[in-house]
Amino acid sequence: MAAAASHQQQHRHPKRRRLALALTTSPTPDAAPPLDALADELLFLVLDRVAVTDPRALKSFALASRACHAAESRHRRAVRPLRADLLPAALARYPCATRLDLSLCARVPDAALSSSSCSASAIRAVDLSRSRGFGAAGVAALTSSCPELADLDLSNGVDLGDAAAAEVARAKGLRRLSLARWKPLTDMGLGCVAVGCAELRQLSLKWCLGVTDLGIQLLALKCRKLTSLDLSYTMITKDSFPAIMKLPNLQELTLVGCIGIDDDALCSLEKECSKSLQVLDLSQCQNITDVGVSSIMKSVPNLLELDLSFCCPVTPMVRSFQKIPKLRTLKLEGCKFMADGLKAIGTSCVSLRELSLSKCCGVTDTELSFTMSRLKNLLKLDITCCRNITDVSLEAITSSCTSLISLRMESCSRVSSNALQLIGKHCSHLEELDLTDSDLDDEGLKALARCSKLSSLKIGICLKISDEGLTHIGRSCPKLRDIDLYRCGGLSDDGIIQIAQGCPMLESINLSYCTEITDRSLISLSKCTKLNTLEIRGCPMITSTGLSEIAMGCRLLSKLDIKKCFEINDVGMLYLSQFSHSLRQNMTIVHLAGITPNGLTATLMLCGCLTKVKLHEAFKSMVPPHMIKNVEARGCVFQWIDKPFKVEMEPCDVWKQQSQNVLVR
Amino acid sequence: MEGRMTSLEATMKASSTMASSMVRNADPDQQTLRSNSVEQFYFPRPGQSLPGIPPFFGPPSSSLYLPNDNEAKFGNQFESNPSQNTDWDPQAIVSNLTFLEQKIKQVKDIVQSMNNRENQVAGGSSELAAKQQLITADLTSIIIQLISTAGSLLPSMKNPLLSSNPAVRQLGNTLGSPMGFGMNANQRPSVDSKTDIPDTGKTSDYDELMNNLNTAQDERDELIKCPNPCGGEGSEPTPMEDHDVKESDDGGEGENLPPGSYVVLQLEKEEILAPHTHFCLICGKGFKRDANLRMHMRGHGDEYKTPAALAKPTKDSGADHAPVTRYSCPFVGCKRNKEHKKFQPLKTILCVKNHYKRSHCDKSYTCSRCNTKKFSVIADLKTHEKHCGRDKWLCSCGTTFSRKDKLFGHVALFQGHTPALPMEDVKVSEASEQPHDSEPMNEMARSMVYSFPSSSSDGISNLDMKMADDVRGYFSPLSFDPCFGALDDFTRPGFDISENPFSFLPSGSCSYGQQNGDS
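Sequence order for the protein chains is A and B. Number 89 in the UniProt record's numbering belongs to position 89 of the first sequence; there are no gaps in the numbering. Number 206 in the UniProt record's numbering belongs to position 206 of the second sequence; there are no gaps in the numbering.
By construction, these hints were calculated from the structure, which means they are not laboratory data. Keep in mind that a hint or two might mislead.
[To be verified] Taking beta-carbon pairs under 10 Å as the criterion, some of the chain A residues facing chain B (in silico):
(1) T186
(2) M188
(3) L190
(4) A194
(5) V195
(6) K222
[To be verified] Computed spacing ranges between beta-carbons, pair by pair:
(7) B:S261 / A:V291: 37 to 43 Å
(8) B:N337 / A:V291: 51 to 57 Å
(9) B:K406 / A:C267: 27 to 33 Å
(10) A:K246 / B:H410: 44 to 50 Å
(11) A:K559 / B:K406: 33 to 39 Å
(12) B:K406 / A:N377: 50 to 56 Å
(13) A:N388 / B:A311: 56 to 62 Å
(14) B:K406 / A:S351: 47 to 53 Å
(15) B:V324 / A:E270: 38 to 44 Å
(16) A:R66 / B:H410: 55 to 61 Å
For each residue, glycine too, the CB sits at the ideal point set by N, CA and C.
Only chain A is shown next, with the shape it has when bound in the complex:
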């Protein structure tokens, strides 16, 4: 109990946790281990909390003693191996694991799947979405060894077809299945799945181009319990569409880019055919018009969420929105508004919680402010690239929608810095804010400091902000997870250090082209142990020292962009290779002057999870072919870039001017 108490205490003081852990667990080996006295349930509760704060702490715990090791083995539910050949060992060690995530193994051969069969009986969920290299035999081994299997993600199996689908169909208890991008899959395979997995609740057939109406009809007939179905980019037409809409439990239907769905298909529905459907995504269905939309409104009375992005001009279909006052979410990205279209939305969809108007044409100040004054309950608003709106709109938004938690207004460049201060003053519940390419200045950031729940802040290309403004954010937004400072030329190390110190939860930071940044920033960022994405492209002052600190401190780093960081050399690469084992995408290395083939080779060999590497063409001849083959055999894809080596970089303001010129043109 003492141990438990101390653990809970640790939870309250995360900084002292590691120390306390060492105290409680290290003196166990000989004396009667205190852990034995602890009921597993209690111990697991403790471990759960530890895992939440720092997943790597569990490893330290397991290394403390045999008892701890055993307890940790029994506790772990999710296994995420780094290499497929360790799968049998991993499963043997964690017999209670129910979730197997192979997303770090770029290549999972059939042999690995079949060798793990003996010890995988408890597994209920398997994620193979990022893996390649297995075929029908591997799937067969998996389904036969995991009788409990309920959740199977086989997305991106571009080589898998009917034979593999027939094996999937043997997992009778499957509830969630993704077959996205199974291009060779035909109706036969889908038929097998439909008959075999009658318990299916969620199914994704996105990009299964070989599937036709026959298979979908059979699916609708056999899998009556489906609640969520993704048929994006399939060849579904009006032949099978009514059958899908009549599924009694279907709540979520995604039909992105289904060119076979047209007004004809939508009008063929009977009145009120689906009472359960709540979420309908018809984005990029180019063949539907307002006629089809109003027919949908008639037949789906309980719709809560509707996505009509990139479909058709909105204004004529606004009439039909009046029929669904329940609608909570409306996405109209890339649509065209005629006169009064937006106003009509404001008057008819009064219970709207989320509205997306990004990239819409014809959004004006008067209409937007009228609409906003009606939609007082709005929680999320996306007005990205509505370039015509000015301070008037922003005033309306901030004064009426005070409960906003997400506001995205990238590239609304006509809004002044004074108006941007209103955001912080009125919308203090904001969690997500995107002000990229705006007039934001330090005063605006100071106002934003009132939004203490802020977790994502994107203020790229805001040239007016400086370290002072960022200091306010760092002091008052402890929950910040994601910050984008792309091309903020006015920033220097001090601001970043404030962020790094004030935001321990930071997971992702983009410092690309912040040319003043030096290793000091990286050293402070290395304290953010949860950091998994770091983009420092075009920061010429950063050296291997900074990178090595990051590599040692941020062990979860999975995405790193160090293109055009000319000072980084082999040393930095070797550190990366030593420590950053979850590195998934190393997008770099194109223009690094200081890196020799040796350093590169070491990195490539050691980072077993790399899936995609962009390298300069010149390296191709220097890296030994064995090495390349070996890395490729693990599933990594090489991309050879042949761009001229370019050192000069224009300052941020020049760049912004240039890009605006392009836009005007």
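Here the structure of chain A is known, so what remains is to put chain B in place on it, guided by the hints.
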């Protein structure tokens, strides 16, 4: 030729010897005209049948059939003819014109007499009808005569300008069809007079009679436009494509035309089975399609290469109000034969051909795959071969289906049944579903697996300590040497790490890093 002519003449009532001599003269010329203004009808026939039309309307049609063997010999006749092609005899033209004059007078008389009758009571309606037919036929023959006379001029002038003159050609084209009429009506694609002309005896209403007559007349006109009964496939006027025909092979089944609302034609067996339906008038070669014949004709001289000569014969514009034409099967007793009690007509010539071959001929085409199925229409065989053996849609219960939708219907119907993949397909697809990596790649992956023999036995080798394994694996003498052999200056310190089982401990690796940086 001569013999045939005389046998024909013997059956004529109204023709004179002059006419027959005219016919003889006109014949070769007509051929040239025909071949010049390319058309689908055989030219000789109209000429031959010309005089026979008016008188032979009433009597039993069977007597009017041309001897079939004559038909079959057409090609040969043509072969013998070409030498006369260019003859032009002014005498013959004069006699032709005289004949025309007489004929026109004849028709005029008849019409006048009819006109007188009209003023009186509409008496013997059948007689009137007969007269009407007479007039029609006479007029037709006059037209044909005119054309043949004019046509005889064309080739003899040997004027390329004129012969390629589209106007003249068009004349030939447009006038070509009435000639077809003569052939049709007379030479027995057997116009059934009973269905053709409604029983007007019972209706005394004169207007109705006239209407009927007019429609009958229209039907006649349609006959003119309708494909040459021997034309078979490829005849232009029928907008029929092959697959359409296959579908509607038993055409007319669903349409339920009231009997009498259409004209019934009956082709003879030999006509139906003739392999070729278009013949070159110069060399006699036969073709299935008119287009092929036109292509062939190019080889006979420059005059056939003009766009007009190569153009598809245009459809007559008056085809809109066309009465329906249907076909009867010559096989007596067949439901498709017009004598049958529940006669169901066939829609097109192709339907006739396919029906006749399927129902009344030997099935001579055997499927080479299953050696059991036989077909008399080669297209049927090809259709069957597409599905024979292969493409068996299989259910888990063992039932096979020829079509996927049938299988899915079955699976939908029965609980627990599931589509099954054919065994060989599974093997093939398994092989193909293996990601398209090259063999060496797989080899590499396998060697990687085998290079970590310790990993599975090592109880401590947990996932988070992959580092140790990684290092040990990649840099172990097993895999390191072959890979790094080429890399002489590769930093050896790498081995230091590999010695360290818990290399995540900062100390060792740090020092390593610095070492390396220094070196």
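Hints, verified against the model:
1. T186: 9 Å, holds
2. M188: 5 Å, holds
3. L190: 9 Å, holds
4. A194: Hint on A194 of chain A: holds, closest Cβ of chain B at ~8 Å, below 10 Å.
5. V195: Since chain B brings a Cβ to about 4 Å from V195 of chain A, closer than 10 Å, the hint holds.
6. K222: 8 Å, holds
7. B:S261 / A:V291: 37 to 43 Å: For V291 of chain A against S261 of chain B, whose Cβ atoms are near 41 Å apart, the range 37 to 43 Å holds.
8. B:N337 / A:V291: 51 to 57 Å: Since N337 of chain B and V291 of chain A have Cβ atoms about 53 Å apart, the given range 51 to 57 Å holds.
9. B:K406 / A:C267: 27 to 33 Å: 29 Å, holds
10. A:K246 / B:H410: 44 to 50 Å: 21 Å, violated
11. A:K559 / B:K406: 33 to 39 Å: Given range 33 to 39 Å: violated, Cβ gap about 51 Å.
12. B:K406 / A:N377: 50 to 56 Å: 53 Å, holds
13. A:N388 / B:A311: 56 to 62 Å: Once the Cβ atoms are compared, 60 Å apart, the range 56 to 62 Å for A311 of chain B and N388 of chain A holds.
14. B:K406 / A:S351: 47 to 53 Å: 49 Å, holds
15. B:V324 / A:E270: 38 to 44 Å: 40 Å, holds
16. A:R66 / B:H410: 55 to 61 Å: Distance hint for R66 of chain A, H410 of chain B holds at roughly 60 Å.
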